[in-house]
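Asks: Residues per chain are reported as follows:
Protein chains: 2
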Amino acid sequence: MQTVRGRSCLQNLKLREVVSVYFTMLAVVLVILIASFQGVVLKADGFPYKVPLDPQGALELSWNISYPEEVVHFQLSVKELKYGVMLGMSDRGEFRNADFVILWSDGHNSYFGDAWSDQHGRLQLDAQQDYQLLEAHRTPEGLNLIFKRAFSTCDPKDYLIEDGTVHLIYGLLEQPVHSLGAINISSIPKGLQRVQLLKPEISIPELPDDVVTFEVLAPNVTIPNQETTYWCYITELPDNFPKHHIVMYEPVITKGNEAIVHHIEVFQCAPEYDTIPHYNGPCDSKMKPERLNYCRHVLAAWAMGAKAFYYPEEAGLAFGGSGSSKYLRLEVHYHNPLELKGRIDSSGIRLYYTPSLRKYDAGIMELGLVYTPVMAIPPHEKDFILTGYCTDKCTQTALPHGGIHIFASQLHTHLTGRKVATILVRNGAEVEIVNMDNHFSAHFQEIRMLKKVVKVLPGESLITSCTYNTEDRSKATVGGFGILDEMCVNYIHYYPQSDLELCKSAVDLGYLQKYFNFMNRFNNEEICMCPQASVTEQYNSVPWNSFSRDVLQSLYDFAPISMHCNKSTALRFPGEWEKQPLPKITKKLPSPVPHCDTTECSPAKAPIIVNIDKKKN
Amino acid sequence: MQTVRGRSCLQNLKLREVVSVYFTMLAVVLVILIASFQGVVLKADGFPYKVPLDPQGALELSWNISYPEEVVHFQLSVKELKYGVMLGMSDRGEFRNADFVILWSDGHNSYFGDAWSDQHGRLQLDAQQDYQLLEAHRTPEGLNLIFKRAFSTCDPKDYLIEDGTVHLIYGLLEQPVHSLGAINISSIPKGLQRVQLLKPEISIPELPDDVVTFEVLAPNVTIPNQETTYWCYITELPDNFPKHHIVMYEPVITKGNEAIVHHIEVFQCAPEYDTIPHYNGPCDSKMKPERLNYCRHVLAAWAMGAKAFYYPEEAGLAFGGSGSSKYLRLEVHYHNPLELKGRIDSSGIRLYYTPSLRKYDAGIMELGLVYTPVMAIPPHEKDFILTGYCTDKCTQTALPHGGIHIFASQLHTHLTGRKVATILVRNGAEVEIVNMDNHFSAHFQEIRMLKKVVKVLPGESLITSCTYNTEDRSKATVGGFGILDEMCVNYIHYYPQSDLELCKSAVDLGYLQKYFNFMNRFNNEEICMCPQASVTEQYNSVPWNSFSRDVLQSLYDFAPISMHCNKSTALRFPGEWEKQPLPKITKKLPSPVPHCDTTECSPAKAPIIVNIDKKKN
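Protein chains in written order, with the UniProt record's numbering: chain A, 1 to 617; chain B, 1 to 617.
Note that these hints are calculated values from the structure, not bench results. The hints are all genuine.
Since the list gives no way to pick one copy over another, a pair counts as held whenever it fits inside one copy or between any two copies.
Below, a list of computed lysine to any residue pairs in the SDA-like style, where the Cα atoms sit at most 25 Å apart:
(1) 157 / 118
(2) 588 / 118
(3) 587 / 118
(4) 587 / 472
(5) 584 / 474
(6) 514 / 554
(7) 584 / 541
(8) 514 / 537
(9) 588 / 472
(10) 475 / 586
(11) 584 / 545
(12) 382 / 540
Bound conformation, chain A alone (with noise of 0.2 Å):
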């Protein structure tokens, strides 16, 4: 292996004379810059995350993380290089607007840089160059690249790498590059890949020694050819299984299908039914049994790019028994836009469960807005937000004396949501990030584990809030199960288990009718508001514009709402829930001011010339 090129700050005082010259050249001219690059040793400890950007496993991301130097360490392994291969970050997987580190050939020379694209979808050089080249070799397998960027590089060209979801994006260049500019993005390979970059650093505790795996895997399907599949399958555990604690599951996936098992989930079914019929299929198959929508309790998620999950030591969750459903069902989310005909698939997820109890049960609480439409979403919105409400009350009411233990989050939307986040809310101030996305997408929704566990104590708040992009639609968006309504939720992991199974809100109903009365009269009585409409006819009549949206707005900020505390048996707490005052937030949260370190020495200003040697040493 040869070839790596290392940049002290003195080479960079080189480069930078360079670019004075290089951007007095044309821009088709490539300046040929030799260098003497000393090598470097490279300080990743490995690549411990791993992901296929496309559908044939062509090209393949791994990755690790510095958090004390706030940098990532790429893998990118290209199979059947061409002219060069293009990775990228942008807000929602769009070619627009969007921040690439680019790899391109001429026919003569290859080249290294970071650049970015224009609201047109055109690629330019980064006028500061950001990504690090560390190696460059020919493997039997193809090519490798090893670089590192920056979380935040402070270019305003450049992704900020968020916690969350980050949308990859990639393309293959099949012909000899003479300029970035002359890229059509719109003919290229290319695609789209979720994940979350940001992994959090959590010590994996020991799992015991009497644990016991289960596997709850995909019967040998044949994936159907076509782009989206949601298989259910129903398993069940032994007769008078006992309670037991899982303290851990992993992905399980057969070889060849990495890139197209999306998502995996394990619910099981509820416990008021004593037999769920035996199903293998599509999950929107009218042969479906109606009970298969029973089976709703999450055991176990997990989302392409995603690692084990690990309980915390303290805590389990409870698994058998009785008063709980022998029957589980398995959602496989096969996702095959090339439409491949005849792959088998037996993937699933792995439990690794214990009978030695642990000190405490682990819960899920709903956190957000209660599923009704009486919170909606004007059409034509680009960033609308909704938030519900766990009060100071319910927790008061509902938690134990010592708090719970926040560990893990599952955000959850449907189709419109664009981010999610939950805050707590301690005497009027924002204290905490429990959890938080900003590029949210429906379509990768993993339970993700806190980077820091949240302690949260009675009286303190939880509030969620969503932002909703309703650009495309013509009718207000409301709140309900369907796939065109909405939600706006967040699933929390904890532990000690409460009887507090869901704390959300949604605005009181009769200030809902005022504003409705308010802009019936705004609009000289022109709306019907017949006294038996309902909620969503009434915001089907309201006509949209940036009055009634910002009053609505105004109000949802405003108005008293109702409360959902809800024990598991879904009766609320004793207790006076209705028109409660919204919590005060008297102190927010400071932004968070991206780290630039402006006094060291500046990153290289033009890319660099890569010599990629034939054999792997």
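Starting from the structure of chain A, add chain B where the hints point.
Replies: Just chain B, lined up with the frame of chain A:
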């Protein structure tokens, strides 16, 4: 004279090395930096602008501006320097969160540096030193400091020098200073002076040969020994004075009173009155004849720091002739905080006029909000915006075919006004800022020449927004003439004069009533909405909270307006002016991005030692 220390790039590197040492020493121990600076040739072409900072005239600031370099050169003259002087800038003249340049002495050495005060008024050295000392020398009168600073330093601790009002603050150090943190701002002599720092760079038109002057001066007034006096004096033009054009005017300030004469205006009386009684006394005196209230047509206005006002060479302000009054009212604002006794003053304004009429009469037009209580600001607001419109329909109806040219502007609000801006809109797109002041003060209302003449064509709109702060008020502040009511006005000076004297708006009263009704119902009919209640009474009965505030703001941003598209006769132009739609803005002006040249040599990171020679050479 000695001793200016220019800094070259290399010297900065030296400085930078010293910094690390510097910051490791105790804050009270100032490093002694003995570097061999080279003398620098001051590029200042003199200092055309000058303003006294304090009422005694002990501190005087003069300056010049380089627009190509975006730099201001300052000359600060100090009489009787003790242990130092500080000059600062802040949003509204506060000593907290302010940006300072400080010359201080510990008794042995003198230092010059860039500093800032935190929210508690504590001083700290700036990590980045953005004031550059060019000269420091003794003069027969005291000390002269010459230094420069960029408009924008991109240091978040530094004030951004913008167009419009700048609040200058100063303080005198009368004890040795061992550390900036030890300076107790609350106990040093200090003060505030408002000034327009970024004067427009416009070429001065040549005056005609037959120009004549007419001085409107205070007749040896004894300035009252009280902080604030508005002095009124009636003078008159000769009988049968024919029409002339005023082409220029300039201030005439009695020597010694430069720090007391705050602003001066000359008004012409209404032609409806054949005689106006003579008067010479305070404007608020009960002895002042009632008729003086009809002398409101502005001929000239000057405020401290302003220079001569020139009309563009194509236009002049009509002066004399049939249909105009021969009576003029002079108003001088004396600001005498030291309550000096027995000062005699003959300040005023010298008008330059010509019988050779220029091509165009200049006109003055009022933009903004109608003086009506239907536009109101809720109490306890930090920055509430009201907007007045001059619609495309009005300009289409009333402006001459070739449009008008705006060359000057006087912004006007009452006490709670904080910002004022007028923006020109063409086909729904904001195209140009006519005038803007982000640090507007009701105490400093100059007529300002525009940097660039703005042409307005029939069919374009002019949108004037005012930002108010009512944090110290407990009731709504309504529009109106009273000093505790508010206004939002831009008096634009333009040519050729048109019949359109006033182009202003207010929200439609019917829609405002719908708002009051909604607030009433929302609060369970608890508000008195007696039909005979005045708008002001209804505003006073609204329970102010985030909801009533937000909905009012949304109403103002959406509801139709009543347009006042008025002739000088105070009658409207023919047409329908009620329930007009708001101009739709589809494209905003981009936010200005401060220019920060980070590729240049970084500024110093520590203060420098100053050698002040005792003798001027």
